[in-house]
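A.B. asks: So you can see what is in the structure, the chains are spelled out below.
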Amino acid sequence: MSRFWRWFWGVVIGLPAAAFVAWGLADNPKLFLTTGMNGLTLAALYFLVASGFTLVFGLMRNVNLAHGSIYLLGAYVGYVVGDRTGSWLVAVAAGFASAALFGLVLQVAVFRFMHGEDLRQTMVTIGLSIMMADILLWIFGGEIYQFDPPRAIFGRTPLPIVQVYPTYRLVLLLMSAAIGVLLWWFLNRTRVGMMIRAGVDDRGMLAASGVNVQFVFAVTFAIGAGLAGFAGVVGGTALSIAPGEDTRYQLASLVVVIVGGMGSVVGAAIGAILIGVAEQYGLAYAPTYSVVFTFVIMALVLAFRPQGILGRRA
Amino acid sequence: MSAAEWRKAMNAGAGQYAWTTGARARTAARPSPRPSPLGREGEVSVPADWARWVGRRVGVRHVLVLVVVLAYPWVATPFFTFQIGAQALALGLIALSLTLLAGYGGMVSLAQMTVAGIAGYMYAIFATSGTDISLRWPWGLAVALALVIATVCATLIGWFSVRTEGIYTIMITLSIGVAFYYLAQQNYSLFNGFQGFQSVMTPAVRGVELRAPIPFYYLTLFWALAGYFFVAYLLRAPFGVALQGIRDNPRRMSALGFNVTAHRVAAYAVAGFIAAIGGVLMVWYNGLVSPGSVGTSWLINILIISVLGGMRHPIGPFVGAIVFVLLQNFAVDLVGRERFNLLIGAVFLVIVLFSSDGLLGWWGSARRYLHARLEPARLAGRRRA
Chain A
51 MSRFWRWFWG
61 VVIGLPAAAF
71 VAWGLADNPK
81 LFLTTGMNGL
91 TLAALYFLVA
101 SGFTLVFGLM
111 RNVNLAHGSI
121 YLLGAYVGYV
131 VGDRTGSWLV
141 AVAAGFASAA
151 LFGLVLQVAV
161 FRFMHGEDLR
171 QTMVTIGLSI
181 MMADILLWIF
191 GGEIYQFDPP
201 RAIFGRTPLP
211 IVQVYPTYRL
221 VLLLMSAAIG
231 VLLWWFLNRT
241 RVGMMIRAGV
251 DDRGMLAASG
261 VNVQFVFAVT
271 FAIGAGLAGF
281 AGVVGGTALS
291 IAPGEDTRYQ
301 LASLVVVIVG
311 GMGSVVGAAI
321 GAILIGVAEQ
331 YGLAYAPTYS
341 VVFTFVIMAL
351 VLAFRPQGIL
361 GRRA
Chain B
14 MSAAEWRKAM
24 NAGAGQYAWT
34 TGARARTAAR
44 PSPRPSPLGR
54 EGEVSVPADW
64 ARWVGRRVGV
74 RHVLVLVVVL
84 AYPWVATPFF
94 TFQIGAQALA
104 LGLIALSLTL
114 LAGYGGMVSL
124 AQMTVAGIAG
134 YMYAIFATSG
144 TDISLRWPWG
154 LAVALALVIA
164 TVCATLIGWF
174 SVRTEGIYTI
184 MITLSIGVAF
194 YYLAQQNYSL
204 FNGFQGFQSV
214 MTPAVRGVEL
224 RAPIPFYYLT
234 LFWALAGYFF
244 VAYLLRAPFG
254 VALQGIRDNP
264 RRMSALGFNV
274 TAHRVAAYAV
284 AGFIAAIGGV
294 LMVWYNGLVS
304 PGSVGTSWLI
314 NILIISVLGG
324 MRHPIGPFVG
334 AIVFVLLQNF
344 AVDLVGRERF
354 NLLIGAVFLV
364 IVLFSSDGLL
374 GWWGSARRYL
384 HARLEPARLA
394 GRRRA
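The listed protein sequences derive, respectively, from chains A and B. Residue 152 in this note's numbering sits at position 102 of the first sequence, and the numbers go up by one each step. Residue 15 in this note's numbering sits at position 2 of the second sequence, and the numbers go up by one each step.
Note that these hints are calculated values from the structure, not bench results. Note that the structure is a prediction, hence the values are computed from the model and not measured. Treat the hints loosely; a few may be bogus.
[Said to hold, decoys possible] Here are some chain B residues pointing at chain A (derived, C-beta under 10 Å):
| # | residue |
| --- | --- |
| 1 | 76 |
| 2 | 200 |
| 3 | 317 |
[What the hints assert, rightly or not] Pair by pair, the computed Cβ-Cβ distance ranges are:
| # | chain 1 | residue 1 | chain 2 | residue 2 | range |
| --- | --- | --- | --- | --- | --- |
| 4 | B | 218 | A | 62 | 22 to 30 Å |
| 5 | B | 218 | A | 185 | 40 to 48 Å |
| 6 | A | 264 | B | 83 | 51 to 59 Å |
| 7 | B | 83 | A | 255 | 56 to 64 Å |
| 8 | A | 228 | B | 382 | 56 to 64 Å |
| 9 | A | 289 | B | 176 | 52 to 60 Å |
| 10 | B | 65 | A | 185 | 24 to 32 Å |
| 11 | A | 56 | B | 70 | 38 to 46 Å |
| 12 | B | 63 | A | 185 | 42 to 50 Å |
Using N, Cα and C, we set each Cβ at its ideal position, and we do this for glycine too.
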């Protein structure tokens, strides 16, 4: 892109955005900032779900349309464990572990045998998501479940301008950032992470250089699914668990990954912030059309950068 | 169309009908373009030729199927005619549009139900329904507008999603479909929000109430047959042949001078038109259209129907739709009404895991197996005689 066009688009997109920010701050700073905080919290949640999705996709070219179902599975398992033990932290660990185990079984027992058949794998995940949604509905019914987190993180925190904000949402933001850093460290500083990055770039070469690719695949799938399960408990605490949440997070991670670039964890973070913030501002300022904002962002990205903001051409 | 047939058709000059403006100009410049394969087969002047052409194309099974579908409402109960027969045909028509896109164009679009839903919503908005938003225009005009708007939307969706390939297309179209679902659910001024449009009026033509079981069955049958023959024709026409070429090797087709993007968008437009007809039929069938009719489960159901039947023949979606509707109506006897999704998910999973091409794939391998078993026996018998 030439310098002129970069400026042109910067002005076209930046000016209305700046005008909106200025108007929002002048009109009702409390509402504006609270919405911004809500957007960031939602973005944190989206990032947790989408980072696993994008990792699995980047390495295995497997569009896991059961990712939302794994989110819900982790949330329900976490709820049951938390209910029995009374400890929220154990619930979080159980959500992560159960989802990771489920992902591991899926990869080892099913997807290993359809390597390279992208479309068929996607279809299998669609079938799985339908069955899982129904089985979970069967076991847990249509009720809404809520977690009981420790008192220390469940109060209100005074903040400037916003006045008070739920502590848990701030904790969620911090947790998400921590997970992001951890993921970065894992991918960039460990041996398995190195293999995963190499596999994203070129699966064939990775296998040819003597790495057990199936092992790398299994680890990646387990981590991706585990992150979804973790997000299930953490997100279920911030909002609630109910049937239908699987579709919501499935769609969210799809859009986030399309916007951010498929296979890129940093892209998932950028996409999550864009989509989460846009969704919350849409809900606050133009409730009927909030979904349109999400869609417009996706359309703009697709129109000018089909591979996503940080994506590379396949 | 098999690879060999396809190659033959390609060599016979279908390439002249490329959709690029450049290619079109070249074609026009040529003094006498060679006829396309279809044109050659279609040139029938003598009645004997015509009879032979029909005899070669139409087998006993085709006549048999036609007789069965025509006679069906006279032996079946109204429930079977309307709930099973008509619904399966209308759903099959929508799934046919996906088969055209996915099986022959290589683009798995999950937004076909969205296109059908847009047609349904547009009909409900322009025609008469129990809601004040409806404009109460004549139904013919409403149908025409619904078809046009839905086709335009399908073209836009196509123009949008052809920027991506393969599994990316699934993701894009799924998000477009779900976005429309949320829009329809949240918007009250145009889509009437969560309730949608109830008691949408079905027209009556010369005193015949179209929604009565037998007239509605024949109406859907007419459009299903029209859709089937149109797609069957299209796949052998230069456009369809080029589309299949693009599915198999877009880069090569592009090198041959075909405008890949234009062909793909055109496929979306054609498929969108078929889906729009199915969408209007579904609104007449249900008598209502609501966000639920374009929800994720229905987006996926259309894919299930297509995959269930098989994507390598235009009859596949109709076979899939019949199985789907039968399962939907009789799941209550098998697993209880609540567990229908579990059943259909399991059936879908089994088909995807164990069949290369849905039920038609199983039918094909069963036939090959029987041939292999029977052929030696028949040869042996002939030798003895």
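A.B. asks: Does the Cβ pair residue 289/A, residue 176/B satisfy 52 to 60 Å?
C.D. replies: Cβ of residue 289/A to Cβ of residue 176/B: about 33 Å, so the range 52 to 60 Å is violated.
A.B. asks: A closest beta-carbon separation below 10 Å is what the hint needs, so does residue 317/B meet it against chain A?
C.D. replies: Hint holds; residue 317/B Cβ to chain A Cβ min 8 Å, cut 10 Å.
A.B. asks: Does the Cβ distance between residue 83/B and residue 255/A fall inside 56 to 64 Å?
C.D. replies: At roughly 60 Å between Cβ atoms, residue 255/A and residue 83/B fall inside 56 to 64 Å, so the hint holds.
A.B. asks: Taking the least C-beta to C-beta distance, is residue 76/B closer than 10 Å to chain A?
C.D. replies: violated, 35 Å
A.B. asks: Is 38 to 46 Å a correct range for the gap between the Cβ atoms of residue 56/A and residue 70/B?
C.D. replies: Since residue 56/A and residue 70/B have Cβ atoms about 59 Å apart, the given range 38 to 46 Å is violated.
A.B. asks: Interface hint check: residue 200/B, Cβ to nearest Cβ on chain A, cutoff 10 Å. Holds or violated?
C.D. replies: OK, holds: residue 200/B within 10 Å of chain A, min 5 Å.
A.B. asks: Check the following: the C-beta atoms of residue 228/A and residue 382/B are separated by a distance inside 56 to 64 Å.
C.D. replies: Cβ of residue 228/A to Cβ of residue 382/B: about 58 Å, so the range 56 to 64 Å holds.
A.B. asks: Within 42 to 50 Å: is that where the Cβ-Cβ distance between residue 63/B and residue 185/A falls?
C.D. replies: violated, 57 Å
A.B. asks: Regarding residue 218/B and residue 185/A, is the given constraint of 40 to 48 Å on their beta-carbon distance met?
C.D. replies: For residue 218/B and residue 185/A the Cβ distance comes to about 47 Å; the hint holds.
A.B. asks: Against the range 22 to 30 Å, how does the distance between the Cβ atoms of residue 218/B and residue 62/A compare: consistent or not?
C.D. replies: Roughly 52 Å apart at Cβ, these two residues miss the hinted range, so it is violated.
A.B. asks: Is it true that residue 264/A and residue 83/B lie within 51 to 59 Å of each other by Cβ?
C.D. replies: holds, 55 Å
A.B. asks: Between residue 65/B and residue 185/A, is the Cβ distance one that fits in 24 to 32 Å?
C.D. replies: Hint violated: Cβ distance 57 Å, outside 24 to 32 Å.
When held up to the earlier numbered hints, the structure conflicts with 1, 4, 9, 10, 11, 12 and fits the remainder.
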